[in-house]
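Visitor: Go by the hints and put chain B onto chain A.
Protein chains: 2
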Amino acid sequence: MIKYQQIAAEIDKHIKENALQQGDKLPVLEALMAYFNVSKSTITKALALLEKKGVIFQVRGSGIFVRRQKRKGYRGLLSNQGFKKDFEGVHLTSKVIELEVMKPTKEAAHNLNIGLDNDIYYVKRVRYMNGQTLCLEESYYNKSVVTYLNKEIVSESIFDYIQKGLGVKIGFSDVYLHAGKLKHEEAKHLCLESEAPAFYVETIFHLTNGQPFDFSKVTYHYEQSQFFVQTNSHFS
Amino acid sequence: MIKYQQIAAEIDKHIKENALQQGDKLPVLEALMAYFNVSKSTITKALALLEKKGVIFQVRGSGIFVRRQKRKGYRGLLSNQGFKKDFEGVHLTSKVIELEVMKPTKEAAHNLNIGLDNDIYYVKRVRYMNGQTLCLEESYYNKSVVTYLNKEIVSESIFDYIQKGLGVKIGFSDVYLHAGKLKHEEAKHLCLESEAPAFYVETIFHLTNGQPFDFSKVTYHYEQSQFFVQTNSHFS
Numbered sequence: 001m002i003k004y005q006q007i008a009a010e011i012d013k014h015i016k017e018n019a020l021q022q023g024d025k026l027p028v029l030e031a032l033m034a035y036f037n038v039s040k041s042t043i044t045k046a047l048a049l050l051e052k053k054g055v056i057f058q059v060r061g062s063g064i065f066v067r068r069q070k071r072k073g074y075r076g077l078l079s080n081q082g083f084k085k086d087f088e089g090v091h092l093t094s095k096v097i098e099l100e101v102m103k104p105t106k107e108a109a110h111n112l113n114i115g116l117d118n119d120i121y122y123v124k125r126v127r128y129m130n131g132q133t134l135c136l137e138e139s140y141y142n143k144s145v146v147t148y149l150n151k152e153i154v155s156e157s158i159f160d161y162i163q164k165g166l167g168v169k170i171g172f173s174d175v176y177l178h179a180g181k182l183k184h185e186e187a188k189h190l191c192l193e194s195e196a197p198a199f200y201v202e203t204i205f206h207l208t209n210g211q212p213f214d215f216s217k218v219t220y221h222y223e224q225s226q227f228f229v230q231t232n233s234h235f236s
Numbered sequence: 001m002i003k004y005q006q007i008a009a010e011i012d013k014h015i016k017e018n019a020l021q022q023g024d025k026l027p028v029l030e031a032l033m034a035y036f037n038v039s040k041s042t043i044t045k046a047l048a049l050l051e052k053k054g055v056i057f058q059v060r061g062s063g064i065f066v067r068r069q070k071r072k073g074y075r076g077l078l079s080n081q082g083f084k085k086d087f088e089g090v091h092l093t094s095k096v097i098e099l100e101v102m103k104p105t106k107e108a109a110h111n112l113n114i115g116l117d118n119d120i121y122y123v124k125r126v127r128y129m130n131g132q133t134l135c136l137e138e139s140y141y142n143k144s145v146v147t148y149l150n151k152e153i154v155s156e157s158i159f160d161y162i163q164k165g166l167g168v169k170i171g172f173s174d175v176y177l178h179a180g181k182l183k184h185e186e187a188k189h190l191c192l193e194s195e196a197p198a199f200y201v202e203t204i205f206h207l208t209n210g211q212p213f214d215f216s217k218v219t220y221h222y223e224q225s226q227f228f229v230q231t232n233s234h235f236s
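So the protein lines, in turn, are chains A and B.
Be aware that the first sequence starts at 1, since it is given in our numbering, and climbs by one per residue.
Be aware that the second sequence starts at 1, since it is given in our numbering, and climbs by one per residue.
So here's chain A without its partners, still in its complex pose (with noise of 0.2 Å):
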């Protein structure tokens, strides 16, 4: 880690840890430099990467101010780590349904930028948080880079395997959303009736170069399906 975000990293830490609220105020700029023993260009840099993670805000002539998710139970959106490190806190299991090496279906192809000779993984797990059934996920990995794959690997966080070990550095990702109602095959691995509503949530993982890498198509139980993001002001 840089300096501005080991700094930001303890700034984050102190808010958890005190259990500060959203609108609590923090010091002021002059104070965060002399504590940290830094220049202000690389304080401004560490609040910046703060706020955009939605840790705080910051208001013009009036200070650094926390800011919090108020609602317990609620995923945040915009990570991109993989469900493990969301979850934190929560007992998450998964049952491996299928796990092969295939050729992509034409959407996963098209999604992957990949040709449909092109050699993918395809896994699918039902979920499963505190015992309870989350959700039903199916993952296409494009094959040359996410080399290998086994049974033990995909039955824990095949993303926390795919950084670690087998170095891939996850970029940004493409988040799409959108309600229907549970199909048949769905609605038997969530143990709902079909019909039932479904949450989808499909997303396209990229390299740190852009390169798509994972296409990943999750339906939660409706029940389970509760998601949270933070906008900036920057957006308007």
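Please keep in mind that the hints were generated in silico from the structure rather than gathered at the bench.
None of the values given here were measured: they were computed from a predicted structure.
Don't be surprised by glycine CBs; every beta carbon is placed ideally from N, CA and C.
Misleading hints may appear alongside valid ones.
[As the list claims (entries may be wrong)] Some chain A residues judged to face chain B by a derived CB distance under 10 Å, without partners named:
(1) Glu-51
(2) Lys-52
(3) Arg-67
(4) Arg-71
(5) Tyr-74
(6) Leu-77
(7) Gly-171
(8) Tyr-176
(9) Glu-195
(10) Ala-198
(11) Thr-203
(12) Thr-208
(13) Phe-227
(14) Val-229
Guide: Only chain B this time, still in chain A's reference frame:
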């Protein structure tokens, strides 16, 4: 607009007008400096803004690339400008069901961070996209911020009015999504059967100083609920 914001807007316009696609390469930093005749730090700031907005991605040692949403018909979740802006190019209409000054519900008071004896504007509308039922919207506005509304205003874009008419400065927002089954009254307004899938989006809009001023609960017709989010590698 400050210089770097102007340049960001120009690059954004260039990408859209030329229909550049995700992965298309933009000129290198030095070429952009020369073209806009500005310093490296100005271009760097413009590019950082575009990256934050999901318009480009930068690959160290490789260049600057276009980032674009691939699918049509999905609404960006990170926009903060109200519906009218999000749905540019579609014909959006509203039917006002209720507009009144009242005391907040417990839930609204909590989310607006006000007391139960404060006044709010309550607005209930059904919104239509090209004539199709899009959503049922209930909004609670803190009346000490949104001091005046009338039927004419709430038939159009409320956000447009409160920004231009009342001079309200809109800051960040917190967005909560969940799924469920439509209650009888919601179903009626959306012309769907009870228990049909419901896609709920609750948003707490804040002023730039962090004060919440609008708590909005929107129930989407499930066939119209398509949303899009771009994440950045910064979140990892």
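Visitor: Hints first: check each against the structure and report whether it holds.
Guide: Evaluation of the provided hints:
Hint status for Glu-51 (chain A): holds, given a least beta-carbon distance of 9 Å to chain B, under 10 Å. Hint on Lys-52 (chain A) holds. Least Cβ distance to chain B is approximately 6 Å, under the 10 Å limit. With 10 Å as the threshold, the beta carbon of Arg-67 (chain A) comes within range of chain B, its nearest partner Cβ sitting at about 7 Å, so the hint holds. This hint holds: Arg-71 (chain A) has a C-beta 6 Å from the nearest C-beta of chain B, less than the 10 Å allowed.
The interface hint given for Tyr-74 (chain A) is met, as the beta carbon of that residue sits about 6 Å from the closest beta carbon of chain B, less than 10 Å. With 10 Å as the threshold, the beta carbon of Leu-77 (chain A) comes within range of chain B, its nearest partner Cβ sitting at about 6 Å, so the hint holds. A cut of 10 Å between beta carbons decides the hint on Gly-171 (chain A): the least distance to chain B is about 4 Å, and the hint holds. The interface hint given for Tyr-176 (chain A) holds, since its Cβ lies 6 Å from the closest Cβ of chain B, which is under the 10 Å cut-off.
For Glu-195 (chain A), the suggested interface contact is upheld, since its CB lies about 9 Å from the closest CB of chain B, less than 10 Å. The closest approach between the C-beta of Ala-198 (chain A) and any C-beta of chain B is roughly 7 Å, which is under the 10 Å cut-off, so the hint is satisfied. Proximity of Thr-203 (chain A) to chain B holds as hinted, the smallest CB-CB distance being about 9 Å (cut-off 10 Å). Interface restraint check: Thr-208 (chain A) against chain B, minimum CB-CB distance 6 Å, threshold 10 Å, status holds.
With 10 Å as the threshold, the beta carbon of Phe-227 (chain A) comes within range of chain B, its nearest partner Cβ sitting at about 4 Å, so the hint holds. Look at Val-229 (chain A): its Cβ gets to within about 4 Å of chain B, closer than 10 Å, so that hint holds up.
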